[in-house]
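> Sequences and hints are given; from them, build the entire structure.
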Amino acid sequence: MSEQDDFVTALLDPEAPLPRDLATWNGSDPATRFAVYRNNVTVSLIDALADTYPVTQTLVGERFFRAMARLFVQKTLPQSPVMSRYGAAFPAFIADFEPAGSVPYLADMARLEQLRTQACHCADAAPLSTARLTQLLSDTQTLPQQRVALHPSAQLIRSDYAVVSLWAAHQDLAELHRVNPCTPEQALIVRPGLDVEVIPIDPAMYRFLEQLLGAASLGRALEDTCLTHPDFDLVAALGLLIQRGLIVDLPLETTT
Amino acid sequence: MKTSITSESLSCGAPAQAAQAALAELPVRAGASLKPDHFQYILNHLPDIGFFEIHAENYLVDGGPFHHYLTRIRERYALSIHGVGLSIGGESPLDLQHLDRLADLIDRYAPAVFSEHLAWSGHAGFFLNDLLPLPYHRATLQRVCDHVDQVQNRLKRRLLLENPATYVEFSSSNITETDFIIEILQRTGCGLLLDINNVYVSSTNHIRDPRAYIDALPPGTVGQIHLAGFSQEQDGAGAPLLIDSHDAPVAAAVWDLYDYALCRFGPVPTLIERDGNIPPFEVLQAEVRLADERLNSDALRGRRS
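Line by line, the protein sequences give chains A and B. Just so you know, the first sequence maps onto residues 1 to 256 in the numbering used here. Just so you know, the second sequence maps onto residues 1001 to 1305 in the numbering used here.
Bear in mind the hints are in silico, worked out from the structure with no lab data behind them. None of these values were measured; they are calculated from a predicted model. By construction, the Cβ of each residue, glycine as well, lies at the ideal position given by its N, Cα and C atoms.
Examples of chain A residues toward chain B, derived with CB under 10 Å:
id, residue
1, T32
2, S153
3, R191
4, L194
5, D195
Have a look at this one:
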């Protein structure tokens, strides 16, 4: 074991012996001083998770959240100094964390918040100009072969629970007492400008966007969506994407 | 075992001041940490501030509001970039991917200064999110110098290395911190980011004389100064243990030590560093003004003498 191996082991495990090389000017027990580092590492990582998952924390309370986060931190150190990437595995950890079982939508809420952080720092892209959009969409011959490239931050979430409404209620965008947590919900999470948007969508739109994000052509996406949702409204769907500035390109599908 | 410094390099003469001028690419004024809470205020009010400083790692993202605001603020202000993740004091090899991303960030924003820490924060592929201490002896000196060389070669610029705040010492250390730093500066050509709060915190924690620490450092090597607040605890024997918390105003004793350092080093670009309990921008700006007043009065003193 190297010196820093010993140091790291002692940092992460309060039961592990202190590094042998530690010294204090007054001969005091170095454990008290070493505890500053132990505390800094763990608390700063728990704080980082609390920043990314504020509603998740509210749902279970700060004490429960921090105790749960502490267990995650002990198992999962960051692999990069870029802290906005830290904690991507936290929703999966919550899903398997039995003491959180009484809040069955907790892991999905964490997933929603994780997607918001990802969208926030994702690459930028400008929407296609209205003129170009009009030109491309009016060519009905090639339209079915066209792919719809959405903003790079666009991601979908689907839950058996009303996490989208619950999240909105915690932003004061909806009334909490009106939310039935046991309603399945879907949302598109995207950051077309500076602000991340959580856009509630219906199952048909979810299916359609799933196809588009999987690089299906407009024709194939429509066909697939109508199989399960025959009343799918393509014009309304494209209208939403255009209005929110989410279409960044309409390339022709490359034959595979 | 102490490394020797020539008496010439210790004298406060004109050559030292010339070297200082060459180092100080930032305006010789006080600046502030740039915090997302203040982005909009800064663009709306364009406060009169010498420079802003960012933590590099917060901006190693592909897009979004951080780059949007930093781009606009950079158009109007001088910038220094402060890294917290290179782990220059680490046993592990430097993370080359991280170094590449830093190089891209530096190319994009052309900061006047890039600085890092005499500390380690990563080990065996993991990042520990704290600045951890290292013993001072020949082997660690070699390791740090190799890493500083590697960073400067990759970034094609001079690094400023920050003196640490520490809570423990090591029985294997046989070089003083100042001699350790001086030898790094001499061997690698990097400059010193002198964190006055760290000098005060470490000196209190290890019962050393903070002024002697300042006196031991050669003029002409300090490219930037950091000032910040600390919090206070006690060690196992009840002795004061100061924590470099960056979440409070600069303490009176640290201001005094800053004055002392300015007398020795002359006016140096100075950052008011704040990372926790972020106050409204005006409060931070008031602290920046206090530093500016000290910088100006010292400049006057320097001209009179």
